[in-house]
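**Q** Protein sequence lines correspond, in order, to chains U and Z. For the first sequence, our numbering assigns the number 1 to the initial residue and increments by one for each residue that follows. For the second sequence, our numbering assigns the number 1 to the initial residue and increments by one for each residue that follows.
Since the hints were made in silico from the structure, they are not lab data. Quick caveat: nothing in here was measured; it's all calculated off a predicted structure. Heads up, some of the hints might be wrong.
Claimed, not checked - Below, a list of computed lysine-lysine pairs in the PhoX-like style, where the Cα atoms sit at most 25 Å apart: (1) K57/U <-> K4/Z; (2) K6/Z <-> K332/U; (3) K51/Z <-> K111/U; (4) K255/U <-> K4/Z.
Stated by the list, open to error - These stretches of chain U come out as covered by chain Z in the derived footprint (C-beta under 8 Å, 3 or more residues): (5) 283-297; (6) 354-366.
Just so it is clear, CB atoms sit at the ideal spot from N, CA and C, and this is done for glycine as well.
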Amino acid sequence: MSDHAPVTDWVHDFDHTDPRWTENPFPIWDELRAECPVVHTRRFLGCYLPTTYEAVKQIAYDTEHFSSRRIIVRDVRPEITNSAPPITSDPPQHKPAKQLLLPPFTPDAMKRLEPRIRAICNELIDQFIADGKCDAAARYSKHIPVRAIAHMLGIPEADGELFIRWIHEILELGIKDDDILMRAVHEMTGYFVGQIEQRRKHPTDDLISTLMNARDSNGQPLSDMHVLGSLRLLLIAGIDTTWSAIGASLWHLAKTPEDRNRLVAEPALLPTAVEELLRAYSPVTMAREVVKETVVSGCPVKPGNMVLLSFPAANRDPAVFPDADKVVIDRKENRHAAFGLGIHRCVGSNLARMEMTVAIEEWLKRIPDFRLDPAGQVTWSEGTVRGPRQLPMLFKKAA
Amino acid sequence: MSGKLKIHVDQGKCQGHARCKSLAPELFELDELGNAHEVGDGSVPAGLEDKAWLAQTNCPEIAIDVTEE
């Protein structure tokens, strides 16, 4: 595993895996945004970072100059061997691959799933509520998305620890260690091959079957590579991301009693608050590969570079959001880009919103009074998806 | 005094964020893919004008037009 030299010049040499970015990226983005709408580093074999909402939006909408064939910024750039439609798809392959995944993730589909999520949240809380303390990341926020996506895929919720390990290896360790990444992808693929085999013998009514039964415009089944790539995507995309969003929300509420008390007093405010928490603590940064030379917000952008497509930084742009650096839980105008912009809008956005809303709602019902444990330490994940990985809390039981 | 409001969702821009449906459920419908369109001819019933503007402001794709007649 190669270690990165610490950053001394953020404007010309940013590094999103640097411990200071991991701990608190917001002032770094502010510094970079004041300097230029698009900055560059030679790390990661060359990578741009758009710092403004406008620059991020322009890149997200421009599939001609910015390809999704690579969507993680890494130290190495080997030949592409794995794809994960539709996230790694450019037009024209993108639209049909995405459309077949949309129906299981509509708001109406989420309403049907909601009772199960509510039950999961309460089962989790039951396990630690008598202790008066817990690591809310490890005991609560981590498990909700794992069990939700496992339920939708039709795979055992009990296999959750396995999925969590793969995701850690692919999204965190795998940025710097290719062997770890390849091994995890290989294991995950083998797992899904087994699941597909089972369903050939005993068909089911879940997301795996949806992909197995899908037909392309010629009436042909999808290739094995497509099905496996999409399954890997759904598992990865469905877990770390929402886990991070739920965790960051509880972290904010733990350290902000006035917001917590307001949500307990005004439960109808929760959907608005969820949007603001998504804006302020957006978990997901995407990436693109520059395939054709162009200009973004006056900055030349050259092929052979990656782009760290920072929706979180866009969401903190004061040119678009008044008081961008403050969490305003009743913010009425909130055109945030936490789920992306343009054709790659997150397929799971309705699921994520539902999970966040239910997770916070159930927590507040049972544990309305809670705070960060001063004897513990909050740690944040490194790299492309940001959320608390340790979140020690102290609390009283609800009266 | 303003006249009646009319809303329209640009199908070329809608990406299914569903903010409009969440903020103004009376005014928008989602199809089986989760994409939005205006209810009926997009005429906004009296009393729902604020919701129409809220939906327009919160669409990340700026896909909603609100016009005054």
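**Q** Each of the hints needs a verdict: does it hold here or not?
**A** Consistency of the hints with the structure:
no.	hint	in the structure
1	K57/U <-> K4/Z	33 Å, violated
2	K6/Z <-> K332/U	21 Å, holds
3	K51/Z <-> K111/U	22 Å, holds
4	K255/U <-> K4/Z	45 Å, violated
5	283-297	violated (count 0)
6	354-366	violated (count 0)
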